[in-house]
Structures are given as structure tokens and as C-alpha cells.
Amino acid sequence: MTRYPVPRGIVGSLARRPKQHVHAVDGVSFTVAEGEMLALVGESGCGKTTTAQSVLRLVEPDAGTVRFRGRELTDLSNRALRPLRRQMQMIYQDPYESLDPRFRVRSTVEEPLLVHGVGSRAERRRLVEEALVRAGLTPPELYVDRFPHELSGGQRQRVAIAASLVLDPELLVADEPVSMLDVSVRAGVLRLLDGLRQEGLGILMITHDLSTAAHFANRIAVMYLGRIVEEGPAREIVRNPQHPYTKALLSVVPKPDPRERSRPQILQGETPDPTHIPVGCRFHPRCPIAIPECKQVDPELRRPAGSRSPEHVAACIRA
Amino acid sequence: MSQPLLRVESLHVWFELKRGAELHAVKGICFDLDRGEKFGLVGESGCGKTTSILALMGLLPPNATVAGSVFLDGEDILSKGEESVSPHRWKDVAMIFQGAMNAFNPVKTVGDQIVEPMKLHGVAEGKQARDRAGELLETVGIAAARADRYPHEFSGGMRQRAAIAMALACNPKLLLADEPTTALDVMVQAQILELLTGLASDFGLALVLVTHDLPVVAQVCGRAAVMYAGEIMESGPTDALYHDPRHPYTRLLFAATPDLLGEGDIASIPGSPPRLDREIPGCPFAPRCDRTFSPCPTVKPRLLQVAAGHEAACHLNDPAMAQAS
Chain F
7 MTRYPVPRGI VGSLARRPKQ HVHAVDGVSF TVAEGEMLAL VGESGCGKTT
57 TAQSVLRLVE PDAGTVRFRG RELTDLSNRA LRPLRRQMQM IYQDPYESLD
107 PRFRVRSTVE EPLLVHGVGS RAERRRLVEE ALVRAGLTPP ELYVDRFPHE
157 LSGGQRQRVA IAASLVLDPE LLVADEPVSM LDVSVRAGVL RLLDGLRQEG
207 LGILMITHDL STAAHFANRI AVMYLGRIVE EGPAREIVRN PQHPYTKALL
257 SVVPKPDPRE RSRPQILQGE TPDPTHIPVG CRFHPRCPIA IPECKQVDPE
307 LRRPAGSRSP EHVAACIRA
Chain V
1381 MSQPLLRVES LHVWFELKRG AELHAVKGIC FDLDRGEKFG LVGESGCGKT
1431 TSILALMGLL PPNATVAGSV FLDGEDILSK GEESVSPHRW KDVAMIFQGA
1481 MNAFNPVKTV GDQIVEPMKL HGVAEGKQAR DRAGELLETV GIAAARADRY
1531 PHEFSGGMRQ RAAIAMALAC NPKLLLADEP TTALDVMVQA QILELLTGLA
1581 SDFGLALVLV THDLPVVAQV CGRAAVMYAG EIMESGPTDA LYHDPRHPYT
1631 RLLFAATPDL LGEGDIASIP GSPPRLDREI PGCPFAPRCD RTFSPCPTVK
1681 PRLLQVAAGH EAACHLNDPA MAQAS
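Which chain is which? The protein sequence lines are F and V, in order. Residues in the first sequence are numbered from 7 upward in steps of one, following this note's numbering. Residues in the second sequence are numbered from 1381 upward in steps of one, following this note's numbering.
Rather than coming from a laboratory, the hints here were simulated on the basis of the structure. Careful, some of the hints might be misleading.
As the list claims (entries may be wrong) - Facing chain V, from chain F, some residues (calculated, C-beta under 8 Å): (1) Glu-40; (2) Ser-158; (3) Asp-263; (4) Ser-268.
Unchecked claim - Computed far set for chain V versus chain F, every beta-carbon distance over 12 Å: (5) Ser-1382; (6) Glu-1455; (7) Glu-1462; (8) Pro-1467; (9) Gly-1479; (10) Val-1503.
Every residue gets a Cβ at the ideal spot worked out from N, C-alpha and C, and that includes glycine.
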């Protein structure tokens, strides 16, 4: 659970208006196993990035727990957290911003080792080269002395991935890892992540792109206004969605074949303001199948009647 | 045959860089567009698609040089530079930009900004213009009363709607849309695309949709051109581009686009686009192509007709070349 205070402004604080909070993430639960990729899918403002950041404790959740290999992270001090941070690495959306333009590739990839005081100079050199090879930048000699501006977008993102791999983590959190990249290089970066997953890494991927999630993730969790509204095996979610929000979201993904005219089920309006979350089911004001009960009942995640997988859950009283 | 609404002929754009270097961003592209037609200009970043439509609007920065002709209803609007473009800008040809967030002046109300082009072109002023601004906002799905609001009070999707209202202010015949949905969520994207296609059919508006997103073009446009390194690689009906691509780049771009329910592998295209500040002797795509053969690195392929209304610039379509190798 993560809440952000909403600035009241000087007038608001003088008038002692009550402090408002944005409930960015509200009671979200999920697991990521070894060798598994979970895609957290949703529109902007749904809380997917906040969720990812709480996992790494880059933001402090107000309630709830995060366990890594069974160990609770939420009440660890920063110092106690540090060795665990090595095991969990983050990949950001924009490789044009996440890399320091003044650092050569070698320094960028070596930095996490220096921060964590790992290895001698020669060992670090070897680890950097290994990480570059793992990230598909071969031969590493060709890349180590380059600056970010000498690399293409795809290569930059691979450098960022190499920097996150150099500490040999067990969990990667990738926030929209390909959305800034050109279509022609996206699949290469996604296949790289898929390969790492097959080697045993757990990957939490944040994305707004359902097609990408459908192809590369094992499981998909769909978020709406700070909650997971549906979760299950990726194939099941895209082929047999049960929550009306997931159905609508899937229906508006444009199809590349012009003969397959999409029949988009366009929801009116936009996601409500997270300071005013609707009572009952938070999706009911935009839901095409809402009934009066939906205004009262805040539905829990449970297995929907139409599901074909025991791991498939949806938060809808009508599913 | 009737005259097309828009005919672009051998459009070139060069940018002057520091130290005398020059970047040839658009290399002689040609296309035309009928009234009410929806045409896609597709390609990856740096392929020259945005530069091309900015050239049509006469909106390039001072370090750009433009050559070629742009005929609007038969009149060459580039022939006298700014003098011949400006009477048409916003009046006959309007544009919406990717960053709807940045298209508005933050210190003026949205309504005032919609009124501006109307005043400039003498379409309407005073109360009449303000009333029309309100109607335009209603047309794009925003309550007329919100004309008094400032851009920051609008969400991203609403700002893009307001930008469309502003583009429609002078009843243009042609709307150039540069990545109009790229920064938006899928649901809002669907709303904006529905709005654009609705407007095109209701007002007989022709649309040039510039995007990197092939599925968006496939769903919205009847015809499209695929650009790479400043050139058109292939153009034709979107159906043919998907089902019968005649340029490997088009085929690979579709193969690199994940389909929601598709089962196959998603391709990636190795390498990166060529630098545009030096001469490229052969096919610009040759270094990344999976079908390269002997003439490709040295001989420039011409855009050849491969079927009615379908052209591609690839030696594979040229029997003489294929035989010679």
C-alpha cells in the first residue's frame, strides 16, 4: 500500500484543510518466482511503477510486506537492505536518460561493483566484460570505451541491462524496458530478457503494451487505479479475459492486419483521479456491465466462472 | 483523372550542421493524396517522416533547405517559400503534434488559442470566433464551457482533443497528424483515433498520419508509405503492405511488431539506420537486410511499380537486376 501526500498549497495549509493523500497502490499482492516473468500491465497512473518501486523499496510503502527469498524487506534498515539490493536490480524506461553521458560504457557497468565494493580492478574488468557479453554486446572490447552518444537506442538499453546484471542479481524489475526503442530493435532486447529469465532470473516487467506482455511474460497482472483487477497465465489473460476492464483494454489494441478490423470497445472518459477513488468497485463508473450492486461491493480477487486456469483470478462480481 | 488534393514531388530537406557538414534528411520523396483520404507515413525515428510533413507546412527551422514541389489543389505552395505557404498554413493545411502537452501556450486559455488562427486568417472574430471555438470543442468531445480553462487543467487526452479542435478552426482540407497518440494510453489512443477517423468522414478531411506504429496505420489508413533513411521504401494499400510486402524492410517491420494473439516469433532487425550526413551509394537498408544480393550495396534501387498503386524500391522486384546477379 503506498500513499502520496497531495500538496495543499499555502492557502490550503493555512486554512487547515485536511491533508489529502493519493492512494497510488492499494492492497496489491503478487509473487515472482525464479525463472518467471510477471508483467504488470495498466494505463498511466494505475500504480504499476509505484508498485515496482515499492518492491525495491525505492518508495516506502505505508502498509504491507515485501518478501525476497522469504525474508521480509519492509522493516529492514537501509544498511541491512544493502546486501539484498545487489540481488534486485532495476532497468529504466529511457536509456537516453538512465546512462550518464560523460561515462564510458566501462564506467557505467563498473559503477555498481564500486558502490558495493566488489572485486579487485582485474576482477571488475572481467565482470564488466562478462556482463556486456550477457547483455548481447559482443565482443565487449568494441563497446567498453564508447560513450552513450556513440550507441544506438537498443545498444544503450543493453548497456543499462549489463549494468544491472554485473552484480549477478536474482530479480530484475524492468520499467517499460522497450517503450522508448524503435520497433526494429525491441524484440532483440525482449529476447535478451527472456533469455535471462530462462537462466533463472525472476523478472517483474512493467508495461502498458499488452502485445509485448502476451508474447514474453509467463503471467500478466492487470492494474486499475492502484489495484490488480485480474491476474493469470499470460495466454489465458489475453485469450480468455474475464474482467470487463481487461476485455476493453485488449479490444483497443490495434491489429497489424488491416483485414482484421478491430472492434474496439472504447471506454468513455478517463481513469478517475486517484484522490477520489469510486466507492464499491473502483471500475464501476466506466464499466459497461455494472449493476447497482457494483456501487456497494468492493470485489475481491477470485477465480471467475469462465476461467480455464486455476491460477486465473479477477476482481469482478459479474465475472 | 481529377487532380489530387495534395501532390508531393521530389521533396528534399537538408539540414546544415556545424562545421559545414550537411544532413540529407529527406531524399526526394513523392506521394499524393485525394480529398478525404487517410494516408500513413510510417517509419522509425530519424527516417524523415516528421521532417517531411514539417516541410509541407513550412515549419522547418532556419538551418533547413527544402527542394521539390508540394501542390495543394494544383498550386505549388513551396514555390515562393514562406510567402506562398503562409496563406495555406492552418487555413487549408493544419497539423497536430505529438506532444499535445507542448502545443499550447500555458498562460492563455484554450479557447483563446483556438480563436487565434481564426483571427489570423480572417475566418471569424469576436463573439462569433468564441462561439465557434466552443462548437469545435464540443465536436471533439469537450464541453464548450471549458474554453475558459488553461491547458494545465486538461488531461493529456483532452489536450490532444483540444489541439485537434484548434487544427479544425479554419476548416482545413488536410490534417497532418504527427504521432498524435504516441504519448497517450491505449484507451485514450483508441478514443483519439476514433475521433480522427470520424472527423475525416464527417468533414471530408484528408489525413496524413505520421507514426512509427504500424498497427495504428493498418487500422486507420487505406494507403501508406514506409520510410527509411529519408526515402520511401514502399508505398501502397495498407492491405498489400501487410499481406504482400515487396520490400524486405516492410516485411521485417511487420514481423517485428507483436500481434496480441500471434503465436510466431517476433523479429528484430540487426544493426541501425545509416548516417545521413554522408552519401549512401546503394540501398540504404542493404546492411540490415536479410535478402541482400550483389547490386544492393552499390546500386541505388528505384521505386518501381509492383502492382496497381503499389511501389517498392528493392532490386528483388527488378527482373534485370535479379538476372544480372
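Interface hint outcome for Glu-40(F) [beta carbon to chain V under 8 Å]: Given a least distance of 24 Å, the restraint on Glu-40(F) is violated.
Cβ separation check - Glu-1455(V) to all of chain F, threshold 12 Å: Its Cβ never comes within 12 Å of chain F, the nearest being 33 Å, so this holds.
Distance rule for Glu-1462(V), whose beta carbon must clear each one in chain F by more than 12 Å: holds, 33 Å
Closest C-beta approach of Ser-268(F) to chain V relative to 8 Å, hint status: holds, 6 Å
Given hint Asp-263(F) near chain V, where the shortest CB pair must fall under 8 Å: With Cβ-Cβ at 6 Å, under 8 Å, it holds.
Gly-1479(V) remote from chain F - nearest C-beta pair above 12 Å: holds, 15 Å
Assertion that Ser-1382(V) lies farther than 12 Å from chain F (Cβ): holds, 25 Å
Verdict on Val-1503(V) as a residue remote from chain F, using beta-carbon distances over 12 Å: Non-interface label stands for Val-1503(V): nearest chain F Cβ at 31 Å, farther than 12 Å.
Chain V contact restraint on Ser-158(F) - CB to CB distance below 8 Å: holds, 4 Å
Non-interface claim for Pro-1467(V) versus chain F (Cβ beyond 12 Å): holds, 36 Å
Violation of the numbered hints given earlier is confined to hint 1; every other hint is satisfied by the structure.
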